[in-house]
Amino acid sequence: MRFSAIILLTALLSPVVVQAQKCKGVQFECTNVRKEEGKKKGTKGEPAWTVTGQSRYGNFAYGDTTEVSFTVFKNVNYRISLCSLDPQIQGKIMFQIVERKTQAQTEKYMVTEEVPKTDKDGNILVDQDGNPIMETRTVEKTRRVYGKKPVTRYNNAEDSNKQWVEFTTDQDRTLIIRVVLPSVGDKPKNSLSPQGFACVGLLIEQQMGPQAGGWK
Amino acid sequence: MNKGSRIVLAAALMSATIAGCGGGEETSSVTTVVDTNQVVEPTEPKVFYQIPTPNEFFSVIKEIGGKSRPELMNPVANTEKYTETRFKALNFGIYSADLAYASCYEIGQSALEYFKAVEKMGNELDISSAFDESVFKRIEQNLTEGDSLVSISNETYFDAYNYLEENDRGNILALVVAGGWVESIYVVSNLAGPYKDKNPLIERMAQQGHTLTNVIEFMRKYNDDPAVGMTIAQLEEIQMIYETLEVVEKEITTENTGDKLNFSGNAEFKFSKETYEDLTNKVKELRTKYVEAKN
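These protein sequence lines map, in sequence, to chains D and E. Take the first sequence: its position 172, counted from the start at 1, is 171 in numbering that gives the first Met the number 0, and no numbers get skipped. Take the second sequence: its position 36, counted from the start at 1, is 35 in numbering that gives the first Met the number 0, and no numbers get skipped.
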């Protein structure tokens, strides 16, 4: 029985492993997708775009939503591209760039403190050695806290479903790329089937902008 | 559950581990399968936290200031001190950040020494196969070429990062990332010097709470590892200082200039003299612990 279980496991896993291996490095295919979409070549003398270590690839189920949180730096140009080798979703990946807006709020909280005991006139009471007599009191205090409200910066559904976008930023910030894979038919009931997944690449490139002194 | 179902479920769990071609993260979508007879939709999207490499950070910093100060880097001789895996991994990150600094600021000879230090730590962490032997030659040939050194050191970091991820050694990677972040901030705070209003390096350091949050969130996946848990707690002490910074709220705007979007607004963080000193002292304290291999 143990042998047959191993055979069964191997049979079940092999397509998944093959799928995983095929996926590796798929983000670099995104440059080809951009060419097909008619993205012009860079102008002569323009600083090169370099791939950042924040790029990703992975297998995801059709219809799934995932988010990638990444950091961008002030005055650097960024290019985000999404791609897949799966013909069923090629060119159909939906994505948004979202930022959490920091908003100040006043929050009330209770705190328990040890304070010197006082009489009705406000005089501190002391023990026979002259030390203040302490008592525990719960008091309400307020503090400033910062809430985070998501704001959509870009939605490719409102931009002809373009699979890439370029942007720059006036300060260092954290952005979130929300990636939604289209649902392609029904998910198979047994999700071990690799047909239920698509390999997706997210390429994040950067180019030092003129303000950063990179145009040399 | 019958025996057949158990085998299929075991296969599901195992494939969840293997299918993530970038390591543990991509497995999330697969692990939504809880039984062979039904597919459970995820309610919350899975979030992946990404961190800029030390090279990306130093490339930006170099454009606004700083100079080459090799004495700030962790001496290569310290590699002998690291016997515990935790300190090997943290200092792998520290030496990687030093290598990035040496490359960006064109400290050619140091780049070669620091590559060797990174390689030594890598060997001891059993990730030597991530390195390509030809890299030594390429570094020697490019000692005076800052740009080439930057790409070589960036490749080295990528290779190690990918190797750890793909071999399910995320706990080691978490420590490497933490060490790299602490060293990068330590070097920049020393380049910036004492607090001064309108110092562009200090202004940039104030925004690095963003990166720290992603570092900590990335590490949380490996929180079960005591070494990672301890390091997260130490980084949270720095995060608490970032949370006390003055916040200047600005209206969020996105301008479309045709081919490109311009993102502006949102909170801008500012140091006071006190918060800057708190942060630099805490970073120095933590960095000293790491390079001296003290918990």
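It should be emphasised that the hints constitute simulated quantities derived from the structure, not laboratory data. Do not rely on the hints blindly, as some may be mistaken.
As the list claims (entries may be wrong) - No farther apart than 20 Å at their CA atoms in a straight line, the calculated lysine to aspartate or glutamate pairs in the EDC-like style are these:
no., chain 1, residue 1, chain 2, residue 2
1, D, K147, E, E276
2, D, K148, E, E70
3, D, K148, E, E276
4, E, K220, E, E202
5, D, K73, E, E254
6, D, K23, E, D158
7, E, K259, D, D169
8, E, K197, D, D169
9, D, K73, E, E202
10, E, K220, E, E267
11, E, K115, E, D131
12, D, K147, E, E245
13, D, K116, D, E139
14, E, K136, E, E154
Claimed, not checked - With beta-carbon atoms standing in for the labels, derived distance ranges:
no., chain 1, residue 1, chain 2, residue 2, range
15, E, E216, D, K91, 25 to 33 Å
16, E, S127, D, K147, 40 to 48 Å
17, E, V247, D, D118, 40 to 48 Å
Backbone N, C-alpha and C fix where the C-beta goes; we use that ideal spot for every residue, glycine too.
Quiz item: Broken hints, numbered, in rising order?
Solution: 1, 2, 3, 4 and 10
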